[in-house]
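Start from the sequences and build out the full structure, keeping to the hints where you can.
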Amino acid sequence: MSLSVRLTHRFPGFVLDTAFEAPDGVTALFGKSGSGKTTVVNAVAGLLNPDAGAVTVNGRTLLDTENRLNVPTPKRRVGYVFQDARLFPHMNVARNLGYGRWWGGPPDQAEMTRVTQMLGIDHLLHRAPLTLSGGETQRVAIGRALLARPDVLLLDEPLAALDATRKAEILPYLERLRSDAKLPILYVSHAVAEVARLATTVIVLEDGKVVRTGAATDVLSDPATVSKLGVREAGAVLQARVLHHHDDGLSELQTSAGRLFLPRVQVEIGTTLRVRIPAQDVILSRARPKGLSALNILPGTVTSLRQGDGPGVLVQLASGTDQVLARVTRRSAQALDLVEGAACFAVVKTVSVARADIGSDHAADQRGDV
Amino acid sequence: MSLSVRLTHRFPGFVLDTAFEAPDGVTALFGKSGSGKTTVVNAVAGLLNPDAGAVTVNGRTLLDTENRLNVPTPKRRVGYVFQDARLFPHMNVARNLGYGRWWGGPPDQAEMTRVTQMLGIDHLLHRAPLTLSGGETQRVAIGRALLARPDVLLLDEPLAALDATRKAEILPYLERLRSDAKLPILYVSHAVAEVARLATTVIVLEDGKVVRTGAATDVLSDPATVSKLGVREAGAVLQARVLHHHDDGLSELQTSAGRLFLPRVQVEIGTTLRVRIPAQDVILSRARPKGLSALNILPGTVTSLRQGDGPGVLVQLASGTDQVLARVTRRSAQALDLVEGAACFAVVKTVSVARADIGSDHAADQRGDV
Amino acid sequence: RVTVFAASSLTSVLTEIAEDFEARTGHDVTLSVAGSATLARQILSGAPADIFLSANPDWMDAVSAEIVPGTRNDLLGNQLVLIAPARAEPVTLTAAALGDRLRNGPLAMALVDAVPAGTYGKAALRHLGLWEPLAAQVAQTDNVRAALALVALGEAPLGIVYATDALVEPRVRVLATFDPASHPPIRYPVAALTDRSVSRAFLAHLAAARAVFKQHGFEVLP
Amino acid sequence: MTPLEWEVVSLSLKVSLWATALSLPFGILVALMLARGQFPGKQLLNGIVHLPLILPPVVTGYLLLLTFGRRTPVGAWLEETFGLVLAFRWTGAALAAAIMAFPLMVRAIRLAIEAVDPRIEDAAATLGASRLMVFATITLPLTLPGIIAGAILGFAKAMGEFGATITFVSNIPGETQTLPSAIYTALQVPGGEASVLRLVILSIILAMGALLVSEWLARRVGRRMRGS
Amino acid sequence: MTPLEWEVVSLSLKVSLWATALSLPFGILVALMLARGQFPGKQLLNGIVHLPLILPPVVTGYLLLLTFGRRTPVGAWLEETFGLVLAFRWTGAALAAAIMAFPLMVRAIRLAIEAVDPRIEDAAATLGASRLMVFATITLPLTLPGIIAGAILGFAKAMGEFGATITFVSNIPGETQTLPSAIYTALQVPGGEASVLRLVILSIILAMGALLVSEWLARRVGRRMRGS
Ligand SMILES: Nc1ncnc2c1ncn2[C@@H]1O[C@H](COP(=O)(O)OP(=O)(O)OP(=O)(O)O)[C@@H](O)[C@H]1O
Ligand SMILES: Nc1ncnc2c1ncn2[C@@H]1O[C@H](COP(=O)(O)OP(=O)(O)OP(=O)(O)O)[C@@H](O)[C@H]1O
Ligand SMILES: [Mg+2]
Ligand SMILES: [Mg+2]
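Just so you know, the protein sequences line up as chains A, B, C, D and E, in that order.
Letter by letter, the first sequence follows residues -6 to 363 of our numbering.
Letter by letter, the second sequence follows residues -6 to 363 of our numbering.
Letter by letter, the third sequence follows residues 1220 to 1441 of our numbering.
Letter by letter, the fourth sequence follows residues -13 to 214 of our numbering.
Letter by letter, the fifth sequence follows residues -13 to 214 of our numbering.
Think of the hints as simulated: they come from the structure by calculation, not from any bench.
Any given hint could be a false lead.
[Stated by the list, open to error] Not everything, but these chain A residues come out facing chain E in the computed CB check (under 10 Å):
id, residue
1, P65
2, A87
3, A121
[Said to hold, decoys possible] Taking lysine-lysine and the DSS-like style, the derived pairs with C-alpha atoms no more than 27 Å apart in a straight line are:
id, chain 1, residue 1, chain 2, residue 2
4, A, K283, B, K160
5, A, K160, B, K160
6, A, K202, B, K160
Predicted model only: the values in this text are computed from it and were never measured.
Built from N, CA and C at the ideal position, the CB exists for glycine as well.
What follows is the structure, encoded as structure tokens:
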């Protein structure tokens, strides 16, 4: 078990009562504002002493209130990116970045350069934190946590203040950290795309309670979770193996349901990836459509239809051994006569499979598939 | 002119040199982290004294360095939601919310209730700011600015810390403010969906300079802007007039290009709306496709093709008097033989036109179309 | 009610006399004690004092413009003594013997250029040819009581104070009394500052309280 | 407590409380000017405020006597205009204590004002608060811990002030004889150690009480900020 | 300056500087304990620290004499063990000045420590810094303005200290005669005003210089934080 958390804590007017076990990799903490995400992360970092509970990271017990065990924060070796960046105001950016180094081994100049360039903060090294912009501050905070070479990363909405371009630069780095350094990561985010790309496990919190927990592939393609995530965020995650990189910038992948064409992914042929297909980006057709710009057409069978509050219907297809989710209107569902067991085709635009939704599959890495 | 800004200011290593004029309504400030957005907003609020420049809001000159005019901040009547919330730590939430009231007229209990309920902070009124979660803090900051009944709203990434559901509750409120209260709004955001929904005018900043400025409809459907926005964010904005509300939860709208079916919009029949269609959600077809779950099929003619860095091509269609953007792969573009002047059909899923991308058209309101 | 400004070295004796005066006449006596310099300056600034008792004629001279003509007279005299902690051996008044004694600590005196007991002491030592050899070992205190305390605590092996002070401190013994001729005469002048009957009554009472002053070791001047 | 001791104690309390209460507004004002102001002579003001700390108390007392004595123009003017006599009155003792305590008070408050985040004040300004309003509703409340610290320092100093007080207003029982003066007087009496001890213990008890109250107040203020 | 004045001035500076320098570490420690510690007797410690402020200086000096005099166990032990004699030495004057300045120092530093945002310290702890490291690298530097303020208050107080010093170590020219003692001496002589004035002006110049240096230091520290 990479991460095991059991916590009860009471604030006036709010009760946290959670327990979850997460395997190696990225565990996403998901939930509305005020649902208790930061509270959980603080307890893992040792900044909050919960009324009762136990926390184990990679087999190391950090907290066990029953046995009166409570490893102090500095000994927990967490790399925490706070929701409010909390830079040290009296140190310049370089000294902020170097602060955690002393117990992470000797300073590694190459790593420093790599991280600051990736975060686009290499020109800010001599600046005082108070003069940084919001996004710059958050990026320095990320760098500071990464450079401390922690045993576990706690990321509390690390990318909220950043633009899409910058996010797209930071996410692959986190992904590599997860895979190369085998660093367990607890990741708080509102953005399903980020979560889907990174997370092995998803925990959904509501009012301090865990309402759903499981493998990212399952949770994110479960229509029952959709209401927790918001309509736009539903989508299925498929496992796909890279077959070929084409000259025109596309990569061809094999899923259990059929071939997929994606924008070039920078991984070796044979790698297994996790590809997220948002339900709203899928068009259904009873006949195999022709002459469309969309390259990906996956055959499948309707396994369930779920009517939401609005005009939409969430259709779950069995496609090979995987599942595909599609959101269509009630009107379309009727026009196409979609019922359980009906055979149909899912049309997915190549480019609508966003790069951010492709992640290397961590479980597969572990099985030695790579 | 609702908002006219001309600023030059020099920080060590950063030069702001911007000038823009924005008509009534929401002006979106767009740009990467560190591009100078907050600096501009601070200058409008009077918190930064620029080296030189002038700021006029609704015909009232707030700053004119040449004429040594500089209205002090409290007299500027701005409602500023800061990137870092800046709640008053010694006042509870209720007192924070009430702080701006004294020059906004007598306290309006109904408005207070409306705003706190909309923001979901009515149960927090007696809490100390330090005990709030990140998102709660940001919501209180929004409420504080709104309740001050300002002459102009300055919103610096107000929704960054919030989940999709909560955003979907706050955006319509801001929209109504813009339309009902005719409040000019300067809105900083990284999220194009938010911007497209609200903004009349878009200003794109890069390294302290304005690189693009214009009506939201134009800027967001201009392929040249795409690189500034990030690939996923490109999309066209159409004007559409509500024709009918159907029983199955759909609304039918008339655009210059044809009919559109959207999830029910809560406006009166006859209202003109702004509908954003993200380029990546559009599928192209040379023949009119049949048997698809997608309800919206707009005919058009290719006016330009623009090859990006990756495998994608951005196709601009003239469709009626409007424009539609589509991102397709090079492979598809070749397969479909898409060239300038080619006639084709744009397929848009009903539900892919997100609710957040529908906004009431402010310019139309002003023309008295409603 | 009569307000008496008195040098602080007179505190205890005046308290006793004032109580007696109150008992006899029914007038309240307000006794404000501080250093003579402080009191004199206050009188010059218009302090509401009726009587001034100075520990030194100079400060009485300084306020001469304020006093009621004809009321000034030298009320008391005192003697200067060399003291040591109670168990100390006698010592001869030679530079060598004193210097020997002072190897373990200083000679405690009041400020030799400012406080009367100090200036008298300095004059006496100089007269005896002892000032030059001993000057470096003199620890000066801001009032004579502090010098007495230093000797009483054993911190200073020797001290020069008034005979009146030594009398009431059991932890010290008098080793020698300085010849009155060796220093300017020690005088406590008194004067009325207001021409009220109660002021005069108090002056008269002071003059009549010879026994009390004597009991406290003062010399009462005719 | 004997009636005499009681008189001394109540006078000391009266003097110290008035000294603290009256100098606090000025202390806040001067601290604000020093923390935030930009004006010529700022360093001069800073120096003047520190003077009572630097000079031996006797000198301060003497300067007060030279300034506010009954025969000085200022003293005469105060008496004529407000009927306020300072010299040799408890009011003068309060003035002396206030002036001696002033630098301590100003430093503590100034330090607290400098610790207030100007961004919070900016936020208040955008909400329409004038500079005065910002000060009253934001800066001042956030400075409260410093003001409490300043007040208690001032009060303690006022309770212990001796040199300036005795020089300025003498040592008149019932009018200007505060606890320190009484202790001084007792020290002049052979064998007065016992009464000195009693008075010292009284001083300590009073000051400890004030200290506890101030700590309790400061904790309350702090707790309110960190959430009920 | 006459040679005598020069002697007095340099001695005063020596005493005040040592007093400030030696008490600063203790001041920081005690301020930290009072600001952050939770231990029985905390209020007692708080009270003891304030004592020199509350008591008349003479009493403090007398208590010092009773504690550190050569005939006392503590004094004897210090002399035997470290060869350190306090009574009638400038070292004793420094001790007296340090003790009188201590409450001022502690208050200023404590106030600054209490203003440090504990969330920043938490961040340092997550980065592996032990409590001591957090204190040395985060709390202490952020407290620097308060430490500077405490040091200058302490120095100013040490420059002006008279009552406790003269009671404890007397006035020995060249050894313990500080500026305030010299000023007091001059004040006791009729007509001594002229030399008082000279000495007072010397005091003021020295203290003003120290004040300016401290203000400059504090500004530098502040500027560094707000960005070069
Ligand atoms: N010290 C406290 N006292 C009282 N309530 C608190 C305290 N700290 C947190 N809470 C409450 O606990 C709940 C959970 O807070 P938490 O910070 O964990 O939320 P979150 O899930 O991180 O939300 P967000 O996404 O807005 O940051 C919130 O309702 C918050 O108001
Ligand atoms: N006081 C200052 N001194 C030096 N540089 C500064 C100062 N304030 C801001 N800058 C720089 O000016 C640039 C613009 O800052 P600004 O805060 O306006 O960015 P922004 O567009 O709001 O970015 P973000 O999206 O990250 O908040 C940044 O590069 C920032 O580092
Ligand atoms: Mg949170
Ligand atoms: Mg910004």
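### Task
Verify the interface restraint on A121 of chain A: the C-beta must sit less than 10 Å from at least one C-beta of chain E.
Since chain E brings a Cβ to about 4 Å from A121 of chain A, closer than 10 Å, the hint holds.
### Query
Taking the closest Cβ pair, is A87 of chain A under 10 Å from chain E?
Check failed: Cβ of A87 of chain A comes no nearer than 13 Å to chain E, outside 10 Å.
### Query
Given P65 of chain A was flagged as interface, is its beta-carbon under 10 Å from a beta-carbon of chain E?
Holds, because the Cβ-Cβ distance from P65 of chain A to chain E comes to roughly 8 Å (cut-off 10 Å).
### Task
Would you mind confirming whether the straight-line C-alpha gap from K160 of chain A to K160 of chain B stays at or under 27 Å?
Judged against 27 Å, a Cα distance of about 20 Å means the pair holds.
### Task
Verify the proposed pairing of K202 of chain A with K160 of chain B, using a straight-line Cα cut of 27 Å.
It holds: about 22 Å lies between the C-alpha atoms, which stays within 27 Å.
### Straight-line alpha-carbon gap K283 of chain A to K160 of chain B, limit 27 Å
38 Å, violated
Going down the numbered hints, you'll see the structure goes against 2 and 4, while the others check out.
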